[in-house]
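Visitor: For reference, the chains in residue letters:
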Amino acid sequence: MTFFLEVLVTGLLVGIMYSLVALGFALIFKASDVFNMAQGDMSLLAGLALVGFLELNFPLWLALVCTIAIMTILAYVTVFVVLKPLVARPPIMLFMATFGLAYMIQGIGQSIWGTQAKGLNLGIPDIPITLGGLFLSTFDLTFGAAAGVLVFILVWFFHKTRTGRALRAVSDDHEAALSVGIPLLKAWAVTWVIAGIVAVVAGIAWGTRMGVQFSISYIALKALPVLIIGGLDSIMGVIIAGLVVGAGENLAEVFIGPYVGGGIQTFFPYLIALLVLYFKPYGLFGKEIIERV
Amino acid sequence: MNERKEPILRAENISIAFGGLQALNDVSLEIYPGEIMGIIGPNGAGKTTMLNIINGFYKQDKGRIFFEGKERPRRMKPNQIAAQGIARTFQNLAIFSGMSALGNIMMGRTMMMHSNIFSQALYWRFSQKEEIEHRAAAERIIDFLQIENIRRTPSSMLPYGLRKRVELARALAAEPKLLLLDEPMAGMNLEEKEDIARFVLDANEELGYTIALIEHDMGVVMDICDRIVVLDFGEKISEGTPDEVKADPKVIKAYLGEAGG
Chain B
7 MTFFLEVLVT GLLVGIMYSL VALGFALIFK ASDVFNMAQG DMSLLAGLAL
57 VGFLELNFPL WLALVCTIAI MTILAYVTVF VVLKPLVARP PIMLFMATFG
107 LAYMIQGIGQ SIWGTQAKGL NLGIPDIPIT LGGLFLSTFD LTFGAAAGVL
157 VFILVWFFHK TRTGRALRAV SDDHEAALSV GIPLLKAWAV TWVIAGIVAV
207 VAGIAWGTRM GVQFSISYIA LKALPVLIIG GLDSIMGVII AGLVVGAGEN
257 LAEVFIGPYV GGGIQTFFPY LIALLVLYFK PYGLFGKEII ERV
Chain V
197 MNERKEPILR AENISIAFGG LQALNDVSLE IYPGEIMGII GPNGAGKTTM
247 LNIINGFYKQ DKGRIFFEGK ERPRRMKPNQ IAAQGIARTF QNLAIFSGMS
297 ALGNIMMGRT MMMHSNIFSQ ALYWRFSQKE EIEHRAAAER IIDFLQIENI
347 RRTPSSMLPY GLRKRVELAR ALAAEPKLLL LDEPMAGMNL EEKEDIARFV
397 LDANEELGYT IALIEHDMGV VMDICDRIVV LDFGEKISEG TPDEVKADPK
447 VIKAYLGEAG G
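First to last, the sequence lines map onto chains B and V. Be aware that the first sequence starts at 7, since it is given in our numbering, and climbs by one per residue. Be aware that the second sequence starts at 197, since it is given in our numbering, and climbs by one per residue.
Mixed in with the good hints there might be a few duds.
Covered stretches of chain B (in silico footprint by chain V; criterion: 3 or more residues with CB under 8 Å from a CB of chain V, positions within the stretch not fixed) [what the hints assert, rightly or not]:
1. 166-173
2. 176-183
3. 186-193
Honestly, the hints are just simulated from the structure, not real lab data. For glycine and all other residues, C-beta sits at the position ideal for the given N, C-alpha and C.
Required output: the full structure, derived from the provided sequences and hints.
Guide: Laid out in structure tokens, this is it:
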């Protein structure tokens with residue numbers, strides 16, 4: 007039983023981090039109907055930038071501020087240079103634009119900070135601790151808590167502040183938002199900044215775990231099943247789905263894996279996603295769009 | 197009539213084409229302060245296009261728009277036009293379905309709030325005080341439109357007629373100088389139509405709103421409008437009081453076709 011709980015809790019803690027990456031996608035998709043292929047690369051850029059600033063012997067807080075500044079600049083450039091000319095075009099064009107953006111970010115990041123993997127050490131001890139009889143990794147606990155706090159702040163921001171409510175209005179209906187005087191592009195830019203901050207946290211979390219390297223951009227692939235299960239446009243949905251995927255893949259790997267030869271962790275989330283697609287095409291919590299034919 | 201007053205909005209020789217379709221051709225119209233002006237015409241006459249140009253969703257190919265006597269820059273964005281005091285509702289209903297009636301109304305007051313929506317976090321206390329004032333204003337509108345019992349209901353759960361009313365509430369909440377209503381009674385039953393007609397009249401008479409509306413129900417239009425502009429195939433074919441328009445042979449022809457034609 008203890009072992010089961012350990013596996014479950016570890017899975018959940020990793021799951022929060024999946025939620026985090028998926029959240030970046032969902033925020034932007036909700037606000038602008040753009041599926042942002044560059045979300046993973048934004049985390050990579052954030053990680054590279056942070057390590058870069060730390061290597062210049064910046065104190066951690068300053069390095070963080072500078073990294074967030076870079077993400078903010080990126081957000082505004084993306085919205086006002088890349089997306090602005092494409093407003094009101096078919097979604098596939100915006101999607102392709104973010105594809106280009108992904109490679110741009112990767113290229114620029116690596117030409118400034120190099121291509122080799124770098125360690126990111128924030129001084130969090132990597133020793134397991136016992137909590138209520140369970141062996142848990144300090145890493146997992148720290149980032150699980152950080153992600154949880156971030157999610158809480160975001161939910162508060164979107165429901166209790168006027169800026170947040172304006173952003174929700176934009177995601178509900180672009181034309182109506184314009185008609186009450188909300189500047190659409192500015193709202194998009196703010197959303198991209200928030201997605202950028204989410205990417206910073208995700209970049210740090212994954213960077214400390216596996217080093218800041220090119221493959222961080224692949225964590226976006228982990229976010230896909232999470233998005234499908236949670237529903238592309240549901241913040242609460244992707245958070246829950248992230249937990250489900252994290253816990254599900256870990257449990258499956260440990261308890262089903264041995265019978266089928268192991269290594270099912272990588273595709274198990276997609277298996278759940280397929281099942282969800284079969285019964286709930288808009289995800290468990292997504293907005294069902296009924297189109298008249 | 198109001199002919200001696202300066203119009204609050206004047207559209208001058210507006211033309212716009214979508215591809216090969218000339219949606220509006222050299223149409224001029226004025227909206228005077230304090231009136232209810234109706235825009236009518238058969239389907240595809242260009243009525244909604246006209247509203248979209250007035251509130252900035254479309255940019256006219258030719259022609260000029262004057263608001264409160266000043267010419268409006270052609271490239272002005274819809275949100276800037278909203279800030280100038282033009283609010284609207286939509287033919288196909290556009291409410292913030294993730295929010296309650298109250299949430300929608302508060303969004304309608306975006307432009308009334310002094311603290312900028314993107315700097316609010318910095319002026320938390322100041323904007324909280326402001327928020328309370330706007331809540332009071334929102335309650336007055338809820339009271340006016342008699343939607344007290346649904347103020348907390350998520351809009352997505354409301355029936356169509358009430359959603360329309362929430363949308364109207366949001367537009368009224370902006371306390372606009374000019375209110376544009378695109379088919380406020382579309383798809384409603386008689387009773388609901390009478391309710392909305394009542395609200396539109398009261399908004400005009402009691403609250404002093406200037407209103408331009410598109411509506412297909414001729415009975416309602418003739419009853420509540422002070423003045424009517426008739427469009428057909430993108431051209432203005434008639435203009436005047438309801439009685440004048442009703443008697444205009446061109447209008448009768450546009451609606452009923454020519455005898456023996």
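Visitor: All the hints need checking, so say for each whether the structure fits it.
Guide: Checked hints:
1. 166-173: holds (count 5)
2. 176-183: Held - the segment 176-183 of chain B has 6 residues with a Cβ nearer than 8 Å to chain V, which meets the minimum of three.
3. 186-193: It holds, with 6 qualifying residues against the three required.
Checked against the numbered hints given earlier, this structure breaks none of them.
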